[in-house]
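Protein chains: 2
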Amino acid sequence: MAKNIIVGQSGGPTSVINSSLAGVFKIAKELGADKIYGMRNGIEGLLNEQYIDMTDYIKNDMDVEILKRTPSAFLGSCRFKLPTVEKSPETYDKIIAILRKMDIQHFFYIGGNDSMDTIKQLSTYAKDKNITDITFMGVPKTIDNDLAVTDHTPGYGSAAKYIGATLKEIIRDALVQPINIVTIVEIMGRNAGWLAAAAALAKGDDCEGVDLIYLPELAFDIDKFLTKIEEISKTKKQIVVAVSEGIKDANGTYICEAAAQGELMVDSFGHKALSGTATALSRLVANKFGCKTRPIEFSTIQRCASHIGSLTDVNEAFLIGGQAVKAAFDGETGKVGIYNRISNKPYLMNTSIYDVNAIANVEKTVPKEWIINDGTYLSQEAIDYMKPLIQGEALPYMVDGLPRHIKL
Amino acid sequence: MAKNIIVGQSGGPTSVINSSLAGVFKIAKELGADKIYGMRNGIEGLLNEQYIDMTDYIKNDMDVEILKRTPSAFLGSCRFKLPTVEKSPETYDKIIAILRKMDIQHFFYIGGNDSMDTIKQLSTYAKDKNITDITFMGVPKTIDNDLAVTDHTPGYGSAAKYIGATLKEIIRDALVQPINIVTIVEIMGRNAGWLAAAAALAKGDDCEGVDLIYLPELAFDIDKFLTKIEEISKTKKQIVVAVSEGIKDANGTYICEAAAQGELMVDSFGHKALSGTATALSRLVANKFGCKTRPIEFSTIQRCASHIGSLTDVNEAFLIGGQAVKAAFDGETGKVGIYNRISNKPYLMNTSIYDVNAIANVEKTVPKEWIINDGTYLSQEAIDYMKPLIQGEALPYMVDGLPRHIKL
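Chains as they are written, first to last, in the working numbering: chain X, 1 to 408; chain A, 1 to 408.
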């Protein structure tokens, strides 16, 4: 009997979502899959019957290795959230019809919270309709590290490594001039501060580290922040601060918005123009202390900097893709691959699968007890948790001076 | 006779200014220098007699190698421009007195335009005063690649490699969602567009490249820019633009300022608040076309990203440091180390020294004939010029998942 599979990628890019795709592809081939289809732009593309035969593009093991080292989503992504079955049963009928037409037995979706909801909806629908010829399996992905149950998420380790490495470089740069300067680095994370927490990794024998780290898990107090800056400036000319883009004040207002109240920025249409969080804080510091400030945003670079990918992350992402295929071929459905940490020192982990209902739409934040120094730094426990995830380098194949990628 | 030297670093950091420092240190040692002093924070520190004995910190060849791979200025930097001899002869007397007290025979200064002016002033003063016991030698440095005479500058190749590599990643990221989006990447360069020109390196078999590149060498026309975006958007959903921070309109007004005229941003004090160039252009595009836009600033990251340093650049920077020492020990003064390109294909170069008067305070910009496509892209000649400079990887020593640096 033919064993066709289809795989899609969804949500924001990471450095290793393609490594999971490579894992799905390679293990599916090894386990005897016939056709391995890839959805173009996730479920949104599938609904328009846009897909490729992956073997047309990934022709050999060299291609698999380049795919593992190519950032962003090879198949394209989407931000399409499936309507509920109650609202749009025809959407589900259509998906099942397309999958049956393609003779698909196993459906894989690589993504974050919203994507796991897609697996949840589809597997629940299949169960309710007694559809047993197609399984639905999730593969986790997000730099945000905010998925429940799994110890960490594919993509987080590489982003954390980029943040740690780049902050070490920024700190060397920031300390170079004998002047008072406050550098504020804005790191992704609207509700969970896992990425900004990685700023703590910069500190070591050969680096002073950042002075303050602010996560969205705790309310941000502008006055307390300015007081901290004033205190540190008594002993240190150059100050480096890391902040999550999503920090909010006690009322739940984003700081980039709250900071704008004092000096309302309006354009000629009268619209309030919001700057980024680092820019807003830099302006506050400059106004208060009259010193030089420098806002830096890691922007999308932090999620796609596969040129400094974590080997641990790349390999684990590959493994979890393969784990999902193995489980599906063994008959599982409505599950997600997860990482289980056995120990920190030595770092030991394994993968397994878990009920998607426990993972979809749940957001995991940084434990509050890991945030120390009056909400301005991370504990040793947090560092011990992060450290193993950035180990090893998944260096790109460099061709003519630049990383080699693969694209459709 | 004792042969003591002193070396300083000045101006903005680069990925390889420490590689030149390592070259000065290592070759001076090999040529029999006794004491090798390092000025703390350049000439500004020297005037306060702040210096170190470099052998206290660089103890072996492993330290030399780590120094070569450490970004920013190991000795600290300054932005201090020497007053002219006419204005402040006592400054010059003081410097000579300090150098004589330290029994210095050779003075080296690693830096850009302003730093070469320091060498010019000091060597001219020494000549005029018939001071023959101290030589003054410049070592070029600047990511901006805007120094005259030399084929290129140490630091440019690594910054160009970072820009090419990161843009490849940003392009993969930018193309992932099936939506209309204009990504605008701001690259350093106030008057010379060499760094933004490196955006052209991203294009290749495996990358679509950026769609438009704007350099400060040509006047920027906002209306023409918007028309270009409109044209490209007819065939392409996702557009990526690279701009020099220093682009100006036909009146010489910086675009970040000119763009603000239409929608004047004022703070509560009535100050006009200027955003960055990418942010200003993003706002213009969003207002005009109603599409999603994403401004990205490479910021200081581009000048200190030694984790993806060019091996060619690191090695050449080391070489030019050594060249300066050799020349000084041979009795030269008032000169600067320069690169001479013998050919592009194969890339062949050598180093020599040149009269500092021809280099100090002169700014070299991108040849206008290299800027093609109605001022929106770079010619093959430009790419052939840049390509050799990004070859090879000077990978950092990775320790516990992060690059190892050396610091005072």
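Derived from the structure by calculation, the hints contain no laboratory data. Please note that a few of the clues may not be correct.
[What the hints assert, rightly or not] Derived Cβ-Cβ restraints for the label pairs, each shown as a range:
hint	chain 1	residue 1	chain 2	residue 2	range
1	X	Thr-55	A	Thr-227	39 to 45 Å
2	A	Leu-348	X	Tyr-347	43 to 49 Å
3	X	Arg-190	A	Ala-286	17 to 23 Å
4	A	Phe-289	X	Thr-132	24 to 30 Å
[To be verified] Under the rule of at most 25 Å between Cα atoms (straight-line distance), these lysine-lysine pairs were calculated in the PhoX-like manner:
hint	chain 1	residue 1	chain 2	residue 2
5	X	Lys-81	A	Lys-35
6	X	Lys-87	X	Lys-3
7	X	Lys-407	A	Lys-129
Beta carbons are placed, not taken as given, at the ideal position from N, Cα and C, and that holds for glycine.
Against the structure, the hints:
Our hint of 39 to 45 Å for X/Thr-55 and A/Thr-227 holds, since their Cβ atoms are close to 43 Å apart. Checked against the hint of 43 to 49 Å, the C-beta distance between A/Leu-348 and X/Tyr-347 comes to roughly 47 Å, which is consistent with it. At roughly 21 Å, the beta carbons of X/Arg-190 and A/Ala-286 sit within the given window of 17 to 23 Å. A hinted range of 24 to 30 Å is violated for the C-beta pair A/Phe-289 and X/Thr-132, which are about 48 Å apart.
A C-alpha spacing of about 68 Å is found between X/Lys-81 and A/Lys-35, which places the hinted pair above 25 Å, so the restraint is violated. Of the pairs offered as hints, the one joining X/Lys-87 and X/Lys-3 is violated, with about 32 Å between alpha carbons and a cut-off of 25 Å exceeded. Distance restraint check for X/Lys-407 and A/Lys-129: the Cα-Cα separation of roughly 65 Å exceeds the 25 Å cut-off, and the hinted pair is therefore not satisfied.
Checked against the numbered hints above, the structure violates hints 4, 5, 6, 7; every other hint is satisfied.
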